[in-house]
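K.L.:
Protein chains in written order, with the numbering used here: chain F, 355 to 519; chain S, 1000 to 1331; chain P, 12 to 112.
No lab work stands behind these hints: they were computed from the structure. Treat each hint with caution, since some may be false.
As a list, the in silico DSBU-like pairs of lysine-lysine whose alpha-carbon atoms are at most 30 angstroms apart [to be verified]:
1. S:K1064 with S:K1143
2. F:K442 with P:K108
3. S:K1049 with S:K1032
4. S:K1060 with S:K1143
5. S:K1049 with S:K1064
6. S:K1064 with S:K1032
7. S:K1304 with S:K1143
8. P:K100 with F:K445
9. S:K1060 with S:K1049
10. P:K108 with F:K445
11. P:K100 with F:K442
12. S:K1196 with S:K1304
13. S:K1060 with S:K1032
14. P:K100 with S:K1143
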Amino acid sequence: MHTFVFFVAAGMALVGSTLVFVFRNTVYSVVSLITALTGVAVLFFQLDAAFIGALQIILYAGAILVLFLFVVMLLNVHSDEMGPDRRKFQKVLAMVVGAVLFGYLMTLGGALRSADPPTSEFGSARSLAEVFFSRHVLAFELTSFLLLAAMIGAVLLARRGEGDA
Amino acid sequence: MDLIAFALVLGKIVVSLVVLLTLCAYTTLLERKLVARFQTRIGPNRAGPKGLLQPLADLVKLIFKEDLVPSGANRLLFTMAPLMAFIPAFLAVAVIPWSGSFTLWGYQLDGVISDLNIGLLFILGVSSLGVYSLVLAGWASNSKYSLLGGLRSSAQMISYEVGLGLSLVGVLLLSGSLSLTEIVAQQATVADWFIWKQPLGFLLYLICGVAETNRAPFDLAECENELVAGYHTEYSSIKFAMFYVAEYANMVTISAVATTLFLGGWNGPWLPPLAWFFIKVLAFLFVYIWLRATLPRLRYDQLMKFGWLVLLPAGLFNVMATAAISAWSGGN
Amino acid sequence: MPVPASWYVSLSVLLFVIGTVGVLVSRNAIVMLMGIEVMLNAGNLVLVVGARTWGLEDALIYTFLVMTVAAAEAAVGLALVIAMFRRTKSLDLDSLKTLSG
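Throw the hints in and build the complete structure from the sequences for me.
P.N.:
Right, here's the structure in full:
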């Protein structure tokens, strides 16, 4: 049962993320990314990280990708506007780089072994909150600054300046 | 999980879906009759005794209409959008507790399909997935009314999601748990209901809930005399029926979550818990319909200003006040 | 653990490589930003697997922080794409070549 769920979710993630780059229509790419990230959320749920899985759905699938979709629709790009692909060797080179990276990364990560969850409260909101607000409270405050800076930056960059049409 | 337990869960799911669908269908009738009474006329009373078969008549009419797909529309996304509205609306029911524990034919059952310990986050996540139906429907219809309506509706939905989340934080502070069955268990008597301790949070939740479901007075993006019909202008037949049912299912979900969080869920004297749950949900549906019949529509910029400049600070104030008071009075 | 940890790690490596190749290959700026999101998710997956193996909730906090940073980066990146589109009327990244000699 768990293996089946893993394969379905992993399939969703892999197929979704590959299709992001295969589709010419950008809206289809965003929808495939939504499927891919939902697959990753299912994997999070399977790994007893229920809170993080729920946050993945709320943040990624529910907010960030909606932002992507808004931008795609507002810019109203037609799918065949990209010029012809002049540099074929760039794709081949990218595949070679990908293969080398894959080989290198697979040699790492040897220390991970299967384990049982330490307590039944692992990954629940309460225990995460206890860790977050005790050891990592500085990170918490800094992320609030980061989000404020990102908000101000995005509004400033995207609004029409005095010289623009 | 053995076969009996599996069959019981499956039975609960089927029964919940059937009950929810029937409730949505009869809410449409309730709305038409109540709005009619508010306007001193009688609603539909021809189909069946007192109009009780009207939803069936509507369904048959919608099924037999011609299913149009506009030329130049993106077929795949056009067909997928109603599904993306329908599925999240019905998925949220999985974590709402409609009854306590009861025994049926000798088996001990809980009155909830799935008691997730992050139940509240599940509902938030599922309702944020509902935004895609609006955006994709608007874009895929290849029509300027639909696109504008879709963008406006979805911008409204994501703005009010923030207010919704903040109003829930107050309840979370009081209950200390994200699990909906736990929250209901803490409101066993009327004096314990969270509505008394969180009046501002309740009001915020109600307003944001109405805005989330794109209902009056926040329905500028989809009402009949503005923008034709917004994102579902080009939809007909079954696809329109799915949008329609999904809207009412969202209403029922928001009402059910409101009763669970603020009115004590299925708790109540004498009557069985299920009856109390339905009474409270129907009370909220009545409030929804009452608002539609009474209040004028908000203009779109007024709506966005209200959401960001009034509800968001009010939500933050609510969270701070709740945290301060509960820390001061010894707190949990 | 429901499934051997090495499977999760292989999946994560595969996702990361797909994201990298996608970013290198794509000419559409928005698709490139989506490739970055794929890479970030691959990293999150490894963090969660590590958290589960060693019972460290700190790693789950780090995934949350990565998600927050990804959200901020997506917002600013999309604002940049909008500004770029206003200037060059195209989403093709190769159109930004006024600095090249």
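K.L.:
A separate judgement is required for each hint: does it hold in the structure or not?
P.N.:
So, going through the hints one by one against the coordinates:
no.: 1; hint: S:K1064 with S:K1143; result: 24 angstroms, holds
no.: 2; hint: F:K442 with P:K108; result: 20 angstroms, holds
no.: 3; hint: S:K1049 with S:K1032; result: 10 angstroms, holds
no.: 4; hint: S:K1060 with S:K1143; result: 28 angstroms, holds
no.: 5; hint: S:K1049 with S:K1064; result: 25 angstroms, holds
no.: 6; hint: S:K1064 with S:K1032; result: 24 angstroms, holds
no.: 7; hint: S:K1304 with S:K1143; result: 24 angstroms, holds
no.: 8; hint: P:K100 with F:K445; result: 25 angstroms, holds
no.: 9; hint: S:K1060 with S:K1049; result: 19 angstroms, holds
no.: 10; hint: P:K108 with F:K445; result: 20 angstroms, holds
no.: 11; hint: P:K100 with F:K442; result: 25 angstroms, holds
no.: 12; hint: S:K1196 with S:K1304; result: 28 angstroms, holds
no.: 13; hint: S:K1060 with S:K1032; result: 19 angstroms, holds
no.: 14; hint: P:K100 with S:K1143; result: 21 angstroms, holds
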